[in-house]
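Peer 1: Single-letter residue listing:
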Amino acid sequence: MTQPPEQTAPSRLALAHVSKSFPGVKANQDISLAVRPGEIHALLGENGAGKSTLVKIIYGVQRADEGQVSFDGRPVEIASPKAARKLGIGMVFQHFSLFDGMTVLENIALGLDETVPAEELKARIKAILDSYSLPLDPDREVHTLSVGERQRIEIVRCLLQKPKLLIMDEPTSVLTPQEVERLFETLRQIAREGCSILYISHKLHEIKALCEAATILRAGRVVAACDPRIETTQHMAELMIGAELKHLQRPAASKQGAARLSVERLDMPGEPPFGTSLKGISFSAQAGEILGIAGVAGNGQAELLLALSGEHLASRNEAIKLDGRPIGLADAGARRSAGLACVPEERNGHAAVPDFSLAENVVLTARHRLPLAPSGLIRQGAVERYAGEVIARFDVRTTGPAALAGSLSGGNLQKFIMGREIGQRPDVLVVAQPTWGVDAGAAAAIRQALVDLAAQGSAIVVISQDLDELLELSDRLCVINEGRLSQARPVAGLKLEEIGLMMGGIHGESHEAEPAHA
Amino acid sequence: MLEWRRRREPSKAMLYLSPLIAIGLTMLTGMLIFGAIGYDGLRAVTAIFVTPLLEPQRWADLGVKAAPLIMIALGLAIGFRANVWNIGAEGQYVMGAIAGTGVALLTHDMTGWWILPAMALAGIAGGAAYAALPALLKVRLQVSEILTSLMLTYVAVQFLYYLVRGPWKDPDGFNFPQTKMFSASQTLPAVAEGSLVHLGVPLAILLALVAWFVLGKTVAGYAVRVVGRAPAAARYGGFDANRVTWAALLAGGGLAGLAGLLEAAGPFGQLTPQFPVGYGFTAIIVAFLGRLSPPGIVFGALVLAVTYVGGEIAQSTVRLPAAATGMFQALLLFFLLATDVLVRYRLAWKARPARSAP
Numbered sequence: 001m002t003q004p005p006e007q008t009a010p011s012r013l014a015l016a017h018v019s020k021s022f023p024g025v026k027a028n029q030d031i032s033l034a035v036r037p038g039e040i041h042a043l044l045g046e047n048g049a050g051k052s053t054l055v056k057i058i059y060g061v062q063r064a065d066e067g068q069v070s071f072d073g074r075p076v077e078i079a080s081p082k083a084a085r086k087l088g089i090g091m092v093f094q095h096f097s098l099f100d101g102m103t104v105l106e107n108i109a110l111g112l113d114e115t116v117p118a119e120e121l122k123a124r125i126k127a128i129l130d131s132y133s134l135p136l137d138p139d140r141e142v143h144t145l146s147v148g149e150r151q152r153i154e155i156v157r158c159l160l161q162k163p164k165l166l167i168m169d170e171p172t173s174v175l176t177p178q179e180v181e182r183l184f185e186t187l188r189q190i191a192r193e194g195c196s197i198l199y200i201s202h203k204l205h206e207i208k209a210l211c212e213a214a215t216i217l218r219a220g221r222v223v224a225a226c227d228p229r230i231e232t233t234q235h236m237a238e239l240m241i242g243a244e245l246k247h248l249q250r251p252a253a254s255k256q257g258a259a260r261l262s263v264e265r266l267d268m269p270g271e272p273p274f275g276t277s278l279k280g281i282s283f284s285a286q287a288g289e290i291l292g293i294a295g296v297a298g299n300g301q302a303e304l305l306l307a308l309s310g311e312h313l314a315s316r317n318e319a320i321k322l323d324g325r326p327i328g329l330a331d332a333g334a335r336r337s338a339g340l341a342c343v344p345e346e347r348n349g350h351a352a353v354p355d356f357s358l359a360e361n362v363v364l365t366a367r368h369r370l371p372l373a374p375s376g377l378i379r380q381g382a383v384e385r386y387a388g389e390v391i392a393r394f395d396v397r398t399t400g401p402a403a404l405a406g407s408l409s410g411g412n413l414q415k416f417i418m419g420r421e422i423g424q425r426p427d428v429l430v431v432a433q434p435t436w437g438v439d440a441g442a443a444a445a446i447r448q449a450l451v452d453l454a455a456q457g458s459a460i461v462v463i464s465q466d467l468d469e470l471l472e473l474s475d476r477l478c479v480i481n482e483g484r485l486s487q488a489r490p491v492a493g494l495k496l497e498e499i500g501l502m503m504g505g506i507h508g509e510s511h512e513a514e515p516a517h518a
Numbered sequence: 001m002l003e004w005r006r007r008r009e010p011s012k013a014m015l016y017l018s019p020l021i022a023i024g025l026t027m028l029t030g031m032l033i034f035g036a037i038g039y040d041g042l043r044a045v046t047a048i049f050v051t052p053l054l055e056p057q058r059w060a061d062l063g064v065k066a067a068p069l070i071m072i073a074l075g076l077a078i079g080f081r082a083n084v085w086n087i088g089a090e091g092q093y094v095m096g097a098i099a100g101t102g103v104a105l106l107t108h109d110m111t112g113w114w115i116l117p118a119m120a121l122a123g124i125a126g127g128a129a130y131a132a133l134p135a136l137l138k139v140r141l142q143v144s145e146i147l148t149s150l151m152l153t154y155v156a157v158q159f160l161y162y163l164v165r166g167p168w169k170d171p172d173g174f175n176f177p178q179t180k181m182f183s184a185s186q187t188l189p190a191v192a193e194g195s196l197v198h199l200g201v202p203l204a205i206l207l208a209l210v211a212w213f214v215l216g217k218t219v220a221g222y223a224v225r226v227v228g229r230a231p232a233a234a235r236y237g238g239f240d241a242n243r244v245t246w247a248a249l250l251a252g253g254g255l256a257g258l259a260g261l262l263e264a265a266g267p268f269g270q271l272t273p274q275f276p277v278g279y280g281f282t283a284i285i286v287a288f289l290g291r292l293s294p295p296g297i298v299f300g301a302l303v304l305a306v307t308y309v310g311g312e313i314a315q316s317t318v319r320l321p322a323a324a325t326g327m328f329q330a331l332l333l334f335f336l337l338a339t340d341v342l343v344r345y346r347l348a349w350k351a352r353p354a355r356s357a358p
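As given, the protein sequences belong to chains A and B, one line each in that order.
Under this note's numbering, the residue at position 494 of the first sequence is numbered 494, and the numbers go up by one with no gaps.
Under this note's numbering, the residue at position 202 of the second sequence is numbered 202, and the numbers go up by one with no gaps.
Keep in mind that a hint or two might mislead.
[Said to hold, decoys possible] In the EDC-like style, the derived pairs of lysine to aspartate or glutamate whose C-alpha atoms are separated by at most 16 Å in a straight line are:
id, chain 1, residue 1, chain 2, residue 2
1, B, Lys217, A, Asp139
2, A, Lys126, A, Asp100
3, A, Lys208, A, Glu193
4, A, Lys122, A, Asp139
5, B, Lys12, A, Asp355
6, A, Lys26, A, Glu77
Simulated from the structure, these hints should not be mistaken for lab results.
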């Protein structure tokens, strides 16, 4: 519920004809938009549409080449994020800037422009947590927290500054439905109190549920401004990608064959002190099947992926079998050679080396199954050819195989990584968060590629916190919770709420139930 | 106002230019410092950095000084690329020389073509074995190789002092602390009759080419680079970080040991307490000056060789203290690390914020 805006009140944020170019790219051209006080305003667009640049201009990270930014009716120059915060602009980034080894309180203190005594800061944090009913323990160390909880730290950090405009960059990518609903309640409450919210996302039904206005960007320009409550999702998606949205093409009847990957009573202690232990994990994935594993972040997904990829070895060789052959004690390279490929959640530094070129990143995982380095000598030509194929087939926006992986946007790098693995035609592919932070068009392409790979007889395991994605992709679904995996159930007939409850409801509730002293 | 701006991608040009800028800044600063304390600053810098290049009779000396630096720095660069910080090359260099000298003393009464290769192998083995200690401690017990390799250097030097004063002292050496002179079969031949340049110089260049090829073109070299840059990605890609740590330290120790043996069997012709001259430490500067790349290291070794030879010239002509060489080398490392910022950042005039609405 929002108040009807007073017609006379000036816009909280107004951009007039803002343009910004980088060498070779016009990131923003002639962009105008206005956000009213207390309005939740969506900024929609594909990767590379210019959302990030625009937001960076508003938050003072970049400066516009041309155009005028006004705040509360006054023209302003936002020279730095500090200046933006002084104006009353807060931002929650997609990738959190938190120190894992420090507590919530310490992280918040580090992000503040002024120095506040710890006790006072704690009291202020408690007050905010209470008034928005956010479950979060200020004394926990960040590495023990789920993604949803980490996001709350960033939100609290912003709210401490009493912002007038809050920028949220892709905030729901990794939350459970209940967590999303809770976040939306928080955002609605923030907006009711008069703070405007600029909400960046590509999840259209969320925008429909939350936002009152939307500005759609494509290729650096505003292509439409609309009221998402009225506009259809389909139409907004088409405006955003500038073409008709392709629906997932699934084979009429999925013909499922023999079990290709089977895991039996896999136990693995979590890395001390806070890793999640895997307890008696059993499942199998059949040829032609996509098996979804849902769950709230931090319930053993990362550990499960490492156990399957061979980065952590099982204690028994029989715990993991590929086409009936035990591989529980085989290392990552041997498992790849045998036909098991994995894609971890973290792209930079795990699935890819940011300082390496795309061609060099091909060598990282494709050398086992493709003749890229027979007898230990890297065949540069073959490597570049394969990188080029991946770039072409998955429409990776980049200058070519020589581009550094770190120079690609998150979505483009993900397309490249997925393409690198799918192109090797693995017998079993295990992917975590295949479309995290990827725009709608690219996400559709990645999902289609997964479906096609399964149709060719591979078994696919998708570990994701994005339930919509799992429901769209999977044939069967199971849930991981505190290191245990539920029975897999056919997706047909499964209700969203049921799965949400299997995932443990609203994460963080249990911490709040503990007496919050100390 | 000038300000630092982050580059979108690290600058390739600056990657290669910043060492040259660092050399320029070193010369300028050295000139100012020696000028300020009463020397002719310009002459001092000219003597150190320019004279060795202009006088052809010094060139052989440059090569002889550069060769051990190239070999040691190659090994260090492999380690540094893999995030293995072997600071104890000096100790491995000494141990390589000791092991090779051991073979020389055993074979002193023999002749044959095989003696020198056997000494070289012993040198490599000695250096590698000495680097295996930090490797073992690092892999098994997670002990920092920076500390262990550095501390072991002093043990090696003391061991050398003990040998040349005790069991290995030349009985006909008038009680000087030194070993017997190596025989003809145990001394490195010169590349040409009457030249100072010994066989180690072309060997160093050859090793640089091999290292360049291995680092850039093989899966083994890729493993070294990926383990250093992104350990999690390396594990994901099926590379074993412990194996890379072992390989990097053994390669570094082996190359330092070989350099030590070549120095003993070349310019020295025996072991004396003056044998450790700090090449193992100077090679750290060489590795960074050369951007941890083998061709760069050849260049970097030549620059540092120039400062060694130039330092000697400056002692006699400008009467600079011997410590001046070390000071210039330290300045060089300092500026090298400082100018590294140019690779990822650029200097720009502070732009005015957008104001002019059309």
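Peer 1: All hints, please: hold or fail.
Peer 2: Quick rundown of the hints versus the structure:
This hinted pair does not check out: lysine 217 of chain B and aspartate 139 of chain A have alpha carbons roughly 49 Å apart, beyond 16 Å. For the proposed pair lysine 126 of chain A and aspartate 100 of chain A, the alpha carbon gap of about 21 Å is over 16 Å, so the pair is violated. Between the alpha carbons of lysine 208 of chain A and glutamate 193 of chain A the distance comes to roughly 21 Å, so the proposed pair goes past 16 Å and is violated. With a CA separation close to 9 Å, the supplied pair lysine 122 of chain A and aspartate 139 of chain A stays within the 16 Å bound.
Restraint check for lysine 12 of chain B and aspartate 355 of chain A: the C-alpha separation of about 13 Å stays at or below 16 Å, so the hint holds. With a C-alpha separation of about 21 Å, the suggested pairing of lysine 26 of chain A with glutamate 77 of chain A is violated against the 16 Å cut-off.
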